[in-house]
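A.B. asks: Sequence:
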Amino acid sequence: MNIAKKDLNLLLVFHVLYQERNASLAAERMALSQPALSHKLNKLRHQFGDPLFVRAPRGLTPTPRAHELAPQVQRLVGELEGFYERCDGQDFLGRVERLHLYSTDYIEQTLLPRLLPILRQQAPNLVLVTHNTRGQLPRDELEKGTCDLAIAGFYKDLPGTFHQQRLLSEDFVVLAAHDNPRLARGLDLQSFVACEHLITTLTGDLEGLVDRALQQLGLQRRIAAGLSSFVAPPRLLRGSDLLLTCLRSLAQEAVARDPELRMHPLPLELPRVEVMQIWHERTHADPLRSWFRRQVQAVAQAAD
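The numbers in full-length UniProt numbering rise by one with no breaks, and the one at position 152 of the sequence shown is 152.
In case anyone wonders, no lab produced these hints; they're calculated from the structure. No experiment lies behind these values; they were computed from the predicted model shown. Some hints could be false.
[Stated by the list, open to error] Computed list of lysine-lysine pairs in BS3-like fashion (alpha-carbon distance at most 27 angstroms, straight line):
id, residue 1, residue 2
1, K144, K156
2, K6, K43
3, K5, K43
4, K156, K43
My request is simple: use the sequences and hints to build the entire structure.
C.D. replies: Here it is in structure tokens:
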């Protein structure tokens, strides 16, 4: 195959079409007219011997061949963009951009106090926008480019085009009011089950790791409330007999803020939570986003 006979600009057309899944949006993004984009798409189809993108009610749908090509094309385009930025001497930390981070309020509380000053000092034109991950991997957002990085401890079954890196490892503890009447003699499994509990649920599901571990012991706890926040529940414990099972760093933060709270060992064996940062192959080679991930990792290691 002679590369001199190939139009490498068509790789960028493929890259943008695969991201946008919409011909009008792709044409606007590349500053092309609709006829010009159609002409390039026809050349793409001829070059690869496949329709690649077919019309659908909401835009364009990639064919299986397009899905097969996408990871390689996205990697090549990213490497070429990085190559030309380095050749041009462009300072990527001076770029005017928004980075979208999908996470939880726990992650924001843990990382942002250290991370944001670094961003403001070293990349002053960068704006960080956070979104609630709502208990699920933002797969579509990562693939489309509306999410640059996702951080949580509950992402599973990642597609092959996704990268991941461990940031934090935490164990669980129990948080309670210092005058909880049910804990006068300390917290054991019996008193743990006797109390009512607050839980954090991002999906509305009231059964989690604790409940499954109790079920294996033939036990069950009573849930008083399921809340959509990791940070808010500790504020509801003061003066009550409620318990909250949470990550150690959250409990430490709550106890430091409120002397009326106490932290207890969890009377159950639970696996540690491994907090991971996830990104798509499409942003893997981008120098600004690569730098951002390195800062996140450094801050996380300092917080771990």
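A.B. asks: A separate judgement is required for each hint: does it hold in the structure or not?
C.D. replies: Hints, verified against the model:
This hinted pair checks out: K144 and K156 have alpha carbons roughly 19 angstroms apart, not beyond 27 angstroms. As the CA atoms of K6 and K43 are separated by approximately 10 angstroms, the hinted pair is consistent with the 27 angstroms bound. Note on K5 and K43: the hinted pairing holds, with a Cα-Cα distance of about 12 angstroms set against a maximum of 27 angstroms. The suggested pairing of K156 with K43 is violated, with an alpha-carbon distance near 38 angstroms, which exceeds 27 angstroms.
Going through the hint list in order, the structure does not satisfy hint 4, though it satisfies all others.
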